[in-house]
Amino acid sequence: MKKFTNSGNIDTRSGFGAGMDELGKTHEDVVALCADLTGSLKLNDFEKNHPERFFQTGIAEANMIGMAAGMTIGGKIPYATTFANFATGRVYDQIRQSVAYSGKNVKICASHAGLTLGEDGATHQILEDIGLMKMLPGMTVINPCDFNQTKAATIAIADYDGPVYLRFGRPSVPNFTEKDGKFEIGKALHLVDGSDVTIIATGHLVWHALEAAEQLEEKGISAEVINIHTIKPLDEEAILNSVKKTRCVVTCEEHNYLGGLGESVAGVLAKNDPVYQEFIATNDTFGESGTPAELMEKYGLNTKSIVEAVNRVLAKK
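Using the working numbering, the letters of the sequence shown map in sequence onto residues 1222 to 1538.
These are computed hints drawn from the structure, not numbers from a lab.
Glycine residues also receive a C-beta, built at the ideal position from the N, C-alpha and C atoms.
Mixed in with the good hints, there may be bad ones.
To be verified - Only pairs whose alpha carbons sit at most 20 angstroms apart, straight line, appear in this in silico PhoX-like list of lysine-lysine:
1. Lys1246 to Lys1403
2. Lys1453 to Lys1408
3. Lys1355 to Lys1325
Stated by the list, open to error - Label-pair restraints from in silico Cβ distances:
4. Pro1272 to Ser1510: 33 to 41 angstroms
5. Thr1512 to Asp1257: 30 to 38 angstroms
6. Gly1229 to Asp1505: 29 to 37 angstroms
7. Gly1229 to Gly1260: 15 to 23 angstroms
8. Glu1438 to Ala1343: 31 to 39 angstroms
9. Tyr1322 to Gly1295: 15 to 23 angstroms
10. Gly1295 to Ser1228: 19 to 27 angstroms
11. Lys1466 to Asp1266: 41 to 49 angstroms
12. Gly1310 to Pro1454: 18 to 26 angstroms
13. Asp1380 to Glu1515: 35 to 43 angstroms
14. Thr1344 to Arg1317: 17 to 25 angstroms
15. Leu1461 to Lys1223: 18 to 26 angstroms
Build out the structure end to end from the sequences listed, making use of the hints.
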């Protein structure tokens, strides 16, 4: 199988910051808004280099979304940034009414998603945000896997007309995708060919899926690995082409199984080609305080859990 090399662990939010710094130089209409979390969102360079296009809204996320929606009327491309919990759950009404309903060109960029913001605990973790955002008509939902892909996604959405939810994280994770690689919204990345099982992963779980595929290969199991960075619109063709070969699938995400990637994949399969599916996701629960590694272990979001899920789904074939 194809091998991927970790060029060094780095947080995906830094990929967002790098992408914003580049956009500041190439897209004069891009503006950044932040709800008192400039350092956490890695926007320091953008603020320093483009102070006239940086707006510190303070801890007023609903107001930030309204400001961003208004800026689009003047032709600006606003990137509204805060933690994922505050970017979705706290301001859902404002996003629905002021952004999604009228199709405003607002980019909602959310860090500290999922469990891996760790010690901040359940009140700051969010495992429902993908579901909240994908249910909004016209909302594009993107969840990149590493620094390089987050940077590429940040840049790509500036040229996409319409509301976008871009989700990334706090912890340092393996950086393994191509540097300055092309990011195509709505197009899955086929990472590894396989014939026995399809592993579909998003975000931080993509690297774990690759690790699982290597371990499975040692046991004589051929796993196909697909990186779904765009959860909406979903690349249905890539999913169906893969399961046509393998006849079973494991979906992997740092999110509740209700409303997430796995549910979207299940919907595609139910309508087109029903096959057995296992879910790597949290099971209708809130998180808790702990290190990212401890939480991913406890909630079964790691390489070991993916291997076990593959064995379960293969037993059903």
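>> Taking the earlier hints as the rules, which of them does this structure contradict?
In response: Checked against the structure, the hints that fail are numbers 5, 10, while the rest are satisfied.
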